[in-house]
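S.K.: Here are the chains, one letter per residue:
Number of protein chains: 2
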Amino acid sequence: MAKKVAVLAVNPVNGAGLFQYLETFFENGIPFRTFAVAETPHIRTNSGVELTLEDTIAHLKGHESEYDAVVFSCGDAIPRFAEQAAAPYNQDMLSVLRCFGKAGKWLIGHCAAALIFDKCGILSGSRVAVHPLAKPAIQQGIATDAEIEIDGRVLTARDEKYLPVLMPHLIATLQ
Amino acid sequence: MAKKVAVLAVNPVNGAGLFQYLETFFENGIPFRTFAVAETPHIRTNSGVELTLEDTIAHLKGHESEYDAVVFSCGDAIPRFAEQAAAPYNQDMLSVLRCFGKAGKWLIGHCAAALIFDKCGILSGSRVAVHPLAKPAIQQGIATDAEIEIDGRVLTARDEKYLPVLMPHLIATLQ
Numbered sequence: 001m002a003k004k005v006a007v008l009a010v011n012p013v014n015g016a017g018l019f020q021y022l023e024t025f026f027e028n029g030i031p032f033r034t035f036a037v038a039e040t041p042h043i044r045t046n047s048g049v050e051l052t053l054e055d056t057i058a059h060l061k062g063h064e065s066e067y068d069a070v071v072f073s074c075g076d077a078i079p080r081f082a083e084q085a086a087a088p089y090n091q092d093m094l095s096v097l098r099c100f101g102k103a104g105k106w107l108i109g110h111c112a113a114a115l116i117f118d119k120c121g122i123l124s125g126s127r128v129a130v131h132p133l134a135k136p137a138i139q140q141g142i143a144t145d146a147e148i149e150i151d152g153r154v155l156t157a158r159d160e161k162y163l164p165v166l167m168p169h170l171i172a173t174l175q
Numbered sequence: 001m002a003k004k005v006a007v008l009a010v011n012p013v014n015g016a017g018l019f020q021y022l023e024t025f026f027e028n029g030i031p032f033r034t035f036a037v038a039e040t041p042h043i044r045t046n047s048g049v050e051l052t053l054e055d056t057i058a059h060l061k062g063h064e065s066e067y068d069a070v071v072f073s074c075g076d077a078i079p080r081f082a083e084q085a086a087a088p089y090n091q092d093m094l095s096v097l098r099c100f101g102k103a104g105k106w107l108i109g110h111c112a113a114a115l116i117f118d119k120c121g122i123l124s125g126s127r128v129a130v131h132p133l134a135k136p137a138i139q140q141g142i143a144t145d146a147e148i149e150i151d152g153r154v155l156t157a158r159d160e161k162y163l164p165v166l167m168p169h170l171i172a173t174l175q
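From first to last, the protein sequence lines are chains A and B.
Heads up: the first sequence at position 40 corresponds to 40 in this note's numbering, and the numbers run straight through without jumps.
Heads up: the second sequence at position 3 corresponds to 3 in this note's numbering, and the numbers run straight through without jumps.
It is worth saying that the hints were derived from the structure and are not from the lab.
Bear in mind that the values here come from a model prediction, so they are computed numbers and not experimental data.
Worth double-checking, as some hints may not be accurate.
What the hints assert, rightly or not - Computed list of lysine-lysine pairs in BS3-like fashion (alpha-carbon distance at most 25 Å, straight line):
#1 B:Lys102 with B:Lys135
#2 B:Lys4 with B:Lys61
#3 B:Lys161 with A:Lys161
#4 A:Lys102 with A:Lys135
#5 A:Lys61 with A:Lys3
#6 A:Lys4 with A:Lys61
#7 B:Lys3 with A:Lys161
#8 A:Lys3 with B:Lys61
#9 B:Lys102 with B:Lys4
Taking the hints into account, I'd like the entire structure generated from these sequences.
M.R.: Rendered as structure tokens:
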């Protein structure tokens, strides 16, 4: 049976990354729900297009058990993450990701996703693909130079340009 | 000097295709404006996400001379195109594409884009990459089985999965 996926999108989000996940899930019958890591469901892509997602991260908190997997869809919000780390939506995001990680669910993402997973303390020795600028900051995971890494239930891509390589594995895992 | 690009998105649009163009243009300093092929700027992706674009196709009509290139971003609207062909937004789209073609501007797109260009009578012998289902309908262009085709000012990809192959050529052409 297809797994149900919670897709987290930061604000701004890289639209090329986000919609490679969403269109692939749609085309392959993998159910998903989109959550803005923001105060409202209205966010923007790096390229400035306004998106209206289905819900906000605050409403995923406490409902993590309804999902089998989480996608962290990276974007230009993340290089500035430290400035906004205390915002409730970012704290909710970290809390939600910790919950998915501790429950042993699938953790999926690209670019700085592995760094965020690492900061949540949910990698514990997993090999991860990550943006080269984020690689030195990975502490608990094992950051490699690979285009993608699949280590148990952690599936990562170096950046959105390598998602086409990851997608067949995502489909096989989630469908 | 960077060329200015009009990006046309049908409703629904394949988000993975649309945002590969937009994020690439954004990251490479290529100016663009987004136009919904719809009555309002609010459209949806195939995967169901609501997008708010900058404008509608009706407002591009008569302003084609302000742009150097047009992108036709395909989506699930197109297999049902015949049912809605008479709608003003679709007639405006055909009119706008004819204008770009007749002015010798760059014509860019994926999936059924080449078929739409062909129906507008603006291919006149150009080699095009196109979705296999649309290939037999191409009349004035020369449809190939290639992943991408670059023939003069016509740049096409078979579908959104081959846009990563086309993007370096788009950057070199438009930047």
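S.K.: Tell me the numbers of any earlier hints that the structure contravenes, in ascending order.
M.R.: Number 8 - this is the single hint that the structure violates.
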